[in-house]
Amino acid sequence: MMGPVLRATLLKALVVLLCFGLVAPIVVVTIASFSGDGYLKFPPEAFSLRWYERFLGDHRWRSAIMNSLFIGLLTSIFSTVIGFLAAYALMRGQFRFKAVIASLLLMPVIVPHIITAVAVYFLSARMGLVGVRPWISVAHTVVALPIVLVILQSALRTVDPALERAAMVFGCSRFGVFRRVVLPLALPGIVSAALFSFLTSFDELVISLFLAGIRSETLPVRIWNSLLLEVEPTIAAVSTLLIAVTALALAIDAVIRKLRGGTMAALR
Amino acid sequence: MSGSVDLDAVTKRYGSETVVAGVSLVIPEGEFFTLLGPSGSGKTTTLSMLAGFVVPDEGRVLLGGQDMTRVPPRGRGLGMVFQNYAIFPHLNVAENVAFPLTVKGASKAEIKARVAEALAMVKLTGFETRYARQLSGGQQQRVALARAIVGHPKVVLMDEPLGALDKNLRYHMQVEIKEIQQRLGMTVIYVTHDQEEALTMSDRIAIMNHGRIAQMGPPREVYENPESSFVASFLGEANLVKVRRDGETVRGPGGAPLVAARGALSANEGLVFVRPEKVKVAAGTAELRPNHLPGQVLHASFLGNIMRYAVSAADGATFFCDVANGAGTEIHRAGDAVTLSWRAEDSRLLGS
Amino acid sequence: MPLGRLAGWLMLAPALALLFGVFLLPIGWFLAGSLTDFASFAEFWEEAQDVLFSGTILRVLLNTNGIGAAVTLLVLVIGYPVSYALSRAKGLVFTAILLCIVLPYFTSTIVRTYAWMVLLGRTGLINQILLGLGLIDAPLELMYNRTGVIIGMTYVLLPYMVLTLFAAMKAVDPRLLQAAEGMGASPATVFFRVFMPLTLHGVIAGVLITFILAIGFFVTPALMGGPDDIMIAMLIEREVELTQNWPAAAMMTIVLLVVTLLLYAVYSRFADREAPR
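Protein chains in written order, with this note's numbering: chain G, 1 to 268; chain P, 269 to 620; chain H, 621 to 897.
With the rest of the complex left out, here is chain G:
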């Protein structure tokens, strides 16, 4: 029999080890990206920005960044707007099949992306939409929408319907209620939704792989295409950029969450 202290210590050690294992790969890549060596070695013998120079000096990588940003931003706008309307309707609407619709809208995260990708590619190829960036955004919106819906529904849950009624009595139109009450109160959730839908698109590979063609390669697609050839250090630099964007988005969300905590307290 183990003593309780020993057991607790063992559990702690195990968890520290596992958490270390979870972050280590990401940290290793980040450090490796600043390597000054000619090939991937860890720890690097020298540090430099040469892989970043090579990454940012290559016009194909640069255009991949632009594609990813463009598609990500458009996806973020599409899915946040569409998701907000849908979340509000699901929250306050009174109609049949609500539960069915709600779970149907979540399907794209469950169905393997390869299926969505192949099916949308099948359609796109026949309509000449392969390589069209806004269309890639539309496809990304499908897989980003479930995430947006979950975030926004929980944000809207904190908006008391009585506040909406009050706004109406005091002279607001339906749109006025949105502008003056619902949007300001749901704003933290909306920003969160916009961030995570951007991330979803910015990180998405499988759908982009089929829809990008050669014209609209995104960063993940470029990484994929390079990785099929070799595991070169430039990709460490690209990966570090993607990790940094993720970390930044999480940080912004954490700050927003703090603010939202304030709003929630206000609602009590």
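Since the hints were derived computationally from the structure, they do not count as laboratory data. Quick caveat, the model's predicted, so the values are computed rather than measured. Backbone N, C-alpha and C define an ideal beta-carbon position, used for all residues, glycine too. Among the clues, some could well be false.
[What the hints assert, rightly or not] Subject to a maximum C-alpha distance of 25 Å in a straight line, what follows is the list of computed DSS-like cross-link-like pairs (lysine-lysine):
#: 1; chain 1: G; residue 1: Lys258; chain 2: H; residue 2: Lys790
#: 2; chain 1: P; residue 1: Lys380; chain 2: P; residue 2: Lys422
#: 3; chain 1: P; residue 1: Lys391; chain 2: P; residue 2: Lys446
#: 4; chain 1: H; residue 1: Lys710; chain 2: H; residue 2: Lys790
#: 5; chain 1: P; residue 1: Lys376; chain 2: P; residue 2: Lys422
#: 6; chain 1: P; residue 1: Lys422; chain 2: P; residue 2: Lys372
#: 7; chain 1: H; residue 1: Lys790; chain 2: G; residue 2: Lys12
#: 8; chain 1: P; residue 1: Lys446; chain 2: P; residue 2: Lys435
#: 9; chain 1: P; residue 1: Lys391; chain 2: P; residue 2: Lys380
#: 10; chain 1: G; residue 1: Lys12; chain 2: H; residue 2: Lys710
#: 11; chain 1: H; residue 1: Lys710; chain 2: G; residue 2: Lys258
#: 12; chain 1: P; residue 1: Lys422; chain 2: P; residue 2: Lys391
[As the list claims (entries may be wrong)] Example chain G residues on the side facing chain H (calculated, C-beta under 10 Å, incomplete):
#: 13; residue: Phe20
#: 14; residue: Val118
#: 15; residue: Asp203
#: 16; residue: Leu227
#: 17; residue: Ile235
Chains P and H: place on chain G using the hints.
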């Protein structure tokens, strides 16, 4: 536009359930009118139809004589105080109170003056930049009140506005709301399930039950002259004792003859109604006279300013009697034989 | 103020249009279009037999299930203690553990896969450490084989399991455990007789969601696997990209889709139990 409010046979159904069944009201300008009833009686739905949140299936809603049945809430020019105040958490006190004016696009100067006036009226001057989370329940209540009156509406709806306050504060606010209402001469439609509140504040009360108005009238009238056992027992304590008709005479427990100034029995059996505070309790057994019953004290409860007796009469009937604990009042004990009596003017016969 | 029926539908319309136009319709069209492209039923049947009963697909299905099961088991074994620690942690420790899970969770799958390729390569960090410690004489083959696939996928899918288990564990009232201890139960008894049964639905939900995601996986096995580690998603991609064999792709898609949806139906039953608190 005047501040009169009319409901013309409004009905609202949800599915197969009729929540409000043909309710008609005529409320003149400047009246403090209360909708009183248990939960599920339809009072909140009635208020929602006045506000425009709910469109009636049948009937009309008139404000100042104009048909507003299908006009959205913002077109009705009402003030409203909500149950949990519904203060906008993202706006401070001044912005909350200014909300109705801001939406209308009033000038900055006008907004400033009106907000100051409204806050002064609810005694919240100096709280302009606070947020709801920094206010007590009573202060939030005042903000809600200020916001409801800032636009000088002719009609203000109040949906259980004092429900969340403790008893002391409640009494205070009752007085203040009444004062403001009289000063501004506005019509108030007040929803509550608290009968004391309704009796204190209202010019007239409509007691609702199962989607209908059970009785409507000034507080004293509905309290002292209820037309049904529901109204009698919903508005305070009531003795409702079985009686039967014996030729021309009405007989109560033990065959005692009873005389009531109002009401009549529609069948051979019915009830007699008398408020506990109207029943006299005297020691000893008296001769058999109308409205005099022999009984025995079951309990005597000391409630401070009153003594409450539970007295058993013949045929298993129990009466509650409240006797003011005045100077030199005789105190009875459990087991004492007593005589109960009341005036014919203070009792009423009810069909059932 | 409830939303009118028309307003409700109008607000839902863009989302529904998107779902139908860019999800349900393409999937339906792709499946129907590819499968009705035959001259006769006999021809269709021949193709179906070729695709569905060939040695290749059987091997791939075995791979898919084998890798999926191995990954799910590993993820559960690793994820359980982490979730447990997370559910009991407070303040800074909680934030630290959460960050260790959430940062990888939201990092691109391909970046996470690449990270392990860096670690597991012949000259990668792991081989260097093992060689340096003298535990091995020659570098281990950790990549471009099943080991690589399983390690990579375990890493990618771990956060899903941890977050699912965490939700179930957080819902356990600590007073129940205290009560059990107070009645004289040993810590082991408390864990196995009280805590485990109370979090079992979370375990089942976590196992199902991990397995569902694992069998549809594409990126990690494609990059880290060898020729013997082809999974069904990769086969679908190959049929489309390399051979343009749409009917074959459609048939495999149906297999993957049906299995996924069936498992998801089971999952919903267990996941729903987390909702009431």
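Could you work out which earlier hints the structure fails to respect and list their numbers in ascending sequence? The structure breaks none of the hints.
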